[in-house]
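Engineer: Each chain, letter by letter, is given below.
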Amino acid sequence: MSRMLDETKEKRIIERRRKNRISKISSVAMPILGIVMLFLIWELWVILGDFPTWQISRPSLIIRSMLEDFELYWPNIVRTFTSILKGWVAACLIGVVMGALMANYALLGTTLTPYINLLCTLPVITLVPMMYVFMGIGRDVIIIAIILQSFAIVTMNSSTGFMNVPVMRIELMTSLRATKRQTFFQCMFPSAINNVFTGMKLSAIFATTTCVAAEVNGSTVGLGALVIEAKTYVRTDQMFGSILFIAIIGVFFYMLSDALEAVLVKWKE
Amino acid sequence: MKGNKKWLNIVSPVILLIVILVCWELYVAVSGIDARILPAPHVILSKLGERFMRDLSGDFLYTIQVILIGYCISIPSGILLAALCSQSKLVTKAITPVLILMVVIPMLTLVPILQLWYGYVMKVRIIVVICQAVPIICLNTLRGFTKVETAKRELFRSMGAGRFKTFVKLIFPNALPQVFVGLKLGCIFSTIAAMSADLAASNEGLGSRISVYSGMLMTDMAYGTIIVVALIGIVLFMIVAYIEKKVVIWIK
Amino acid sequence: MKASKIRTENLNKVFHTRHQDIYAVKDANIDIREGEFVSLIGPSGCGKSTIIRMIDDIIKPTSGSIYIDGKEITSYKRIPKEINQKMGFIFQLPNLFPWLTVRENVGIACRIYKIRDEGTQRYIDELLEMAGLTEYQNAYPAEISGGVMQRIGVIRAMVHKPEILLMDEPFGALDAMTREKLDMEILDIWKKLGTTVIFITHNVEEAVLLSDRVYVMGTNPGRITREITLDLERPRSLDLLTERKFQDYCAELTECIGHVDLRKVK
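Chains A, B and C are the protein sequences, given in the same order.
Going by my numbering, the first sequence opens with residue 1, and the numbers climb by one from there.
Going by my numbering, the second sequence opens with residue 1001, and the numbers climb by one from there.
Going by my numbering, the third sequence opens with residue 2001, and the numbers climb by one from there.
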């Protein structure tokens, strides 16, 4: 009986490993293929449409600019990247902590929930012009704007996750007379981790768009600012180049959350 | 009694709001801070009430149209796109980064280009809204369409249902919760996109107004307009949430 | 007569919902002696799961008292650790944490109660061996089957050597063969360890097979309607299922439960 179980267990494991390998390869290959297709279509469209260079650039020229003028891009890339990184990490931490508090202390949860929902829907970008007026043109505005726009979605998703832990699991912790702290870290948090990561992924998108919009509207450094500068000098290829670098950064943070999730969450619910 | 609890759910956020407003008023009164930096709430609200019909109503209608038209076009487009892509696992994987790319690109940098093509029309901003909302709706809907339990799929296959029937009767209803997540996020992105477009195009629309007021240090009106925008966003969100509650009745 | 291990006095639990108040448990009086194996049987909604949870301090009673080893626990906001550690709870479903291995799941009481000695680790080895799970100890719950998982749930409750085992329909979700096997194993464990057991089931045969006494419960409101002492020899075996005396008891209890269903007592 035991041998039969072992055989089927082994077969299951081998089949799963094969599927995982195929899945992993196509996860990397297909997105690249998708982007390549997009660029080809774009290139053809510009060539066939015979658009003037100041209106829209061909991908081939854009990529050339991205490679040749790299020294121009690099400090701006670093600037935007680090701004988003700081803002996003802070937003995730604040978001998870708030979600945890709101889930564990019912009164806090009911009081704050409408405000968290409000913050999710509020376009922080509208506050940015005023923030620049008070705090001056500088990095602080950008990072604060990122945090404001990004933390609410993490809070919302995390607290939903924490509040939807199966009751029986909490009962197990209660039957072992676990403290609130033990219950949270050993039961609620691992149960809700998928929700936390979903929140983080969404906030990565918010963080990128907010950072760039804030830079466009008032900064002198950063990829958003570079876009405006390139526009002024009618260097459309550099404009699009900056846009592509922004997109790469955005996708990077999104994929980073995915990768972190894959590394940390090795189990199946 | 549970009845009491429900009452508390509504009352405590309101109490918090009152506390915040009172503290704000007191702070402004006591610290004597310049009204141009931080105006008192009553000033904001009274100015808003005064000047709404005269100054803001035009922009208000403009922005609402942009958001609603853009959002309403995005919903079927996003869902349809996701429906088509979900038919192939490979296409799903290929298109996900493309969609993320689309959301993340600062649409406001394409606003000048679009304006060169179409002129200074509402269409430009609607396109911006669509460009931000469609990918997000599509991404979430796609996730809903592709995560169907094998047991259910097998059931439909065993009954001889074709692709289309399986989609309509199984995949779509199963994905509805995820679809609504996408719709809620879509409405958030629509509002944000409309504001970003306004800031870049600066002519009509509430976003442009905020920019103008900020620049002229008419902070009270700026705050007032932001409140109007926030209200639009949250009302739209609540409408979608309400529809969700009515439609997705099997989720608690 | 052995000492009273668990005693409830006029235990009540009312759940307040939007539409009505649900009397889950009304005036329950239970007295369980040390080392006894007692079953609570009844239809769904008769409050048996609620009672057992009130004893283990998972739910707070609305009124009434609970005494463990003669000490009243209902006045505490949270019962003291020493008393809590006397009890082990086994759930209806395996209720394992998917992010922990089998061994880590079994040893979860050690983590919470902060038991760190070598002896306990050896005891865990013993328990795993007894349940036939030694080879699975480093696997994750996603990789094993339901019957195996429920075994893990059972030995998990035993790790901290509790004097009382509270079992909430532990084998209800399993097939008949596995259930019979595990029933016998539970009797073995009970005999070896001398624990006091409260066993909840809706299966009359299982209750008669395993217990010394049976409390019958009814719904609307949830309350105890009968108490029957089973005069059957120990050790029990599956052969008992065909004996006359056994079947008489089953018929008596089934009638009890059936009776209760038809009456609508406020």
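Think of the hints as simulated: they come from the structure by calculation, not from any bench.
It cannot be assumed that every hint is accurate.
To be verified - Using 30 angstroms as the maximum straight-line C-alpha spacing, the simulated DSSO-like pairs for lysine-lysine come out as follows: (1) K1093/B - K24/A; (2) K2191/C - K180/A; (3) K2181/C - K180/A; (4) K1169/B - K1093/B; (5) K19/A - K1089/B; (6) K266/A - K2071/C; (7) K1169/B - K11/A.
What the hints assert, rightly or not - If you anchor each label on the Cβ, the simulated ranges turn out as follows: (8) E7/A - L1008/B: 55 to 61 angstroms; (9) M1216/B - T2017/C: 42 to 48 angstroms; (10) V1235/B - L107/A: 48 to 54 angstroms; (11) P2043/C - K1152/B: 46 to 52 angstroms; (12) N2010/C - I1227/B: 21 to 27 angstroms; (13) L107/A - N2029/C: 56 to 62 angstroms; (14) P75/A - L1090/B: 36 to 42 angstroms; (15) K1006/B - S2004/C: 39 to 45 angstroms.
Being a predicted model, the structure only gives us computed values, none of them experimental.
Just so it is clear, CB atoms sit at the ideal spot from N, CA and C, and this is done for glycine as well.
Engineer: For K2181/C and K180/A, compute the direct alpha-carbon distance and say whether it is at most 30 angstroms.
Structural biologist: Distance ~38 angstroms between K2181/C and K180/A Cα, so the pair is violated.
Engineer: Okay, L107/A versus N2029/C on CB: inside 56 to 62 angstroms?
Structural biologist: Taking Cβ atoms as reference, L107/A and N2029/C lie about 37 angstroms apart, which means the hint is violated.
Engineer: Using the C-beta atoms of E7/A and L1008/B, is the stated range 55 to 61 angstroms upheld?
Structural biologist: Given about 58 angstroms between the Cβ atoms, the range holds.
Engineer: Between the beta carbons of P2043/C and K1152/B, is the distance compatible with 46 to 52 angstroms?
Structural biologist: violated (32 angstroms)
Engineer: Given the hinted pair K2191/C and K180/A, is their alpha-carbon gap at most 30 angstroms?
Structural biologist: It is violated: about 36 angstroms lies between the C-alpha atoms, which goes past 30 angstroms.
Engineer: Hinted pair, alpha-carbon criterion (30 angstroms max): K1093/B, K24/A. Please report holds or violated.
Structural biologist: Distance ~11 angstroms between K1093/B and K24/A Cα, so the pair holds.
Engineer: Does the Cβ pair M1216/B, T2017/C satisfy 42 to 48 angstroms?
Structural biologist: violated (56 angstroms)
Engineer: Is K19/A within 30 angstroms of K1089/B, Cα to Cα?
Structural biologist: holds (13 angstroms)
Engineer: Given the proposed pairing of K266/A with K2071/C, does the C-alpha separation stay at or below 30 angstroms?
Structural biologist: Given pair K266/A, K2071/C is violated - Cα atoms ~45 angstroms apart, limit 30 angstroms.
Engineer: For V1235/B and L107/A, compare the CB-CB distance with the range 48 to 54 angstroms and indicate the outcome.
Structural biologist: Distance hint for V1235/B, L107/A is violated at roughly 26 angstroms.
Engineer: Quickly compare the C-alpha distance for K1169/B and K11/A to 30 angstroms and report which way the hint goes.
Structural biologist: violated (34 angstroms)
Engineer: For K1006/B and S2004/C, compare the CB-CB distance with the range 39 to 45 angstroms and indicate the outcome.
Structural biologist: Holds: the Cβ-Cβ distance is about 42 angstroms, inside 39 to 45 angstroms.
Of the hints listed earlier, those the structure fails to meet are numbers 2, 3, 6, 7, 9, 10, 11, 12 and 13, in rising order.
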